[in-house]
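Construct all of the structure, not just a fragment, from the sequences and the given hints.
Residue numbers (the numbering used here), protein chains in the order written: chain D, 1 to 111; chain Y, 1 to 116.
The hints are simulated quantities; they were obtained by calculation from the structure and are not laboratory data. Keep in mind that the hints are not guaranteed to be accurate.
[Said to hold, decoys possible] Here are the simulated lysine to aspartate or glutamate pairs, EDC-like style, with alpha carbons at most 16 Å apart:
no., chain 1, residue 1, chain 2, residue 2
1, D, K52, Y, D102
2, D, K98, Y, E59
3, D, K98, Y, D102
4, D, K3, D, D31
Each chain is listed here by its residues.
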Amino acid sequence: LAKTTQPISMDSYEGQEVNITCSHNNIATNDYITWYQQFPSQGPRFIIQGYKTKVTNEVASLFIPADRKSSTLSLPRVSLSDTAVYYCLVGRMDSSYKLIFGSGTRLLVRP
Amino acid sequence: GAVVSQHPSRVICKSGTSVKIECRSLDFQATTMFWYRQFPKQSLMLMATSNEGSKATYEQGVEKDKFLINHASLTLSTLTVTSAHPEDSSFYICSARGTGPDQPQHFGDGTRLSIL
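See the structure below:
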């Protein structure tokens, strides 16, 4: 099971772009990278997923370098409501694959 | 997108009570579901893998007789905390992966269990 390393916490201000980097040095060929957001007393919510290069959706972008040993979640123009814990996970995409959570990054957005 | 629903969202009960938590995949079939536990200010910890029609697989250190898992259909898994004690108080979360290629795991909204 690939292990990920993220900063424990980050601070930002409203309107800024936030980039959270995750290290996954032991990522396997078949592994995808998935990011989740979790608010207190809620289950994790899917943000974005990718395999290589760059992926963008309505809420975030995911940058993955060629060696895939790290990835960066980019949140454009954060708001107070983006204050949450962000988890980076790697693993295969089959239904029986169990995801193991790391400590996540606690993002605090200040006014 | 795929939706995973948990019920109840919150349970408060006396020590010694057994509590059942349901996890349903609402718009897809899930042969495998996962159960996690999360203590305050900590990350999610995987407890077990629930397999439809067969026994659950428990992670090291998780008591299978304490946390009974039943996955009787392709859309429902249940976790029963037997003879719950205050130390079992936690936030329990289930997840399942949607069908089709490149589908991520989706998580329920969790169940807050408080044992008095």
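* Asked: What hints, given by number in increasing order, does this structure fail?
  -> none
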